[in-house]
Amino acid sequence: MAYTILIVDDSNTIRGALERTLTMTKLPIETIVQACDGKEALDKLKNTFVDIVLSDINMPNMNGVELVEHMKSHAEFKEIPVIVISTEGSKTRMKELKAMGIAGYLRKPSRPEELRDSLLSILGGWND
Amino acid sequence: MIDIEVQKKARRVICDILEGATFVFTDDLVDKIPTPDWDAHGVAVSFQGLNTGKIHMWAPPEIMSLFAANMLGLEEDDEKATEGGLDATKEVLNMVTGRFITEVYGEEEVYNLSIPEELSQSILIQDMKNEDALWVDADDSAVLFRFFLES
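Protein sequence lines correspond, in order, to chains A and B. Last residue of the first sequence: number 131 in our numbering, and the count goes up by one each step with no gaps. Last residue of the second sequence: number 1348 in our numbering, and the count goes up by one each step with no gaps.
The hints are simulated quantities; they were obtained by calculation from the structure and are not laboratory data. Careful, some of the hints might be misleading.
[Said to hold, decoys possible] Restricting the straight-line Cα-Cα distance to at most 16 Å, the calculated cross-link-like pairs of lysine to aspartate or glutamate (EDC-like) are: (1) A:Lys98 x B:Glu1305; (2) B:Lys1206 x B:Asp1329; (3) A:Lys98 x B:Glu1304; (4) A:Lys98 x B:Asp1329.
Work the whole structure out from these sequences, hints included.
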């Protein structure tokens, strides 16, 4: 099975770097979709089947916390796992997000193996 | 003037982030502080929580392009690296700020960071001359940080 991943970050560089990191993990990823904020992410989710969302927190228009709130309150999106990838390191913030139902939390900059391990733990193992 | 221990932590965070995120190795800037006509672009991130503050970062175009190139796996002279230099530098400062906050203020409190913004060239000189200016040698290029911290 090959996966579709949605990357949500307002930085072109971070989206490009994450896409590159995902490629380096050698996981079976078929499609990578990008969005520059939570609002665009929701538009993409309405039109594209996505297996997992990687989202920043601090974005204009709709931030990552608002995106997670929206996804978890709508039946069509609530089961899609979200990994937050952020510069923030507050344990209080992490607890809040985990209580909202996110699947994982990584701090930027994250290494390929950290991202790989996080994705594997959520999507399950597969044959390499 | 910023506390010496905070300065040390700031320097350590800067070096860790530059090396970890952009693969640019750093050193102390010795005898290479730029002259007032330094061609550098600046970005800023502010933060609010139990403590508030702001960090300025200034870097020349060639090192900004290098940040982008290394983060994206491109050649230094790739057009996408040149065009992406400012965005890459904003993200470097974003990461420096996030890490600085946890190193200096701890991991418990929530801090809100601003979206990184570009600085006006008109304030470069005052940042360069400030006693809290923190200079780093990044791949033989000078990079400047200035921290504004309030309790």
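Those earlier numbered hints the structure runs against, lowest number first = The structure conflicts with hint 4 only, although it agrees with all the remaining ones.
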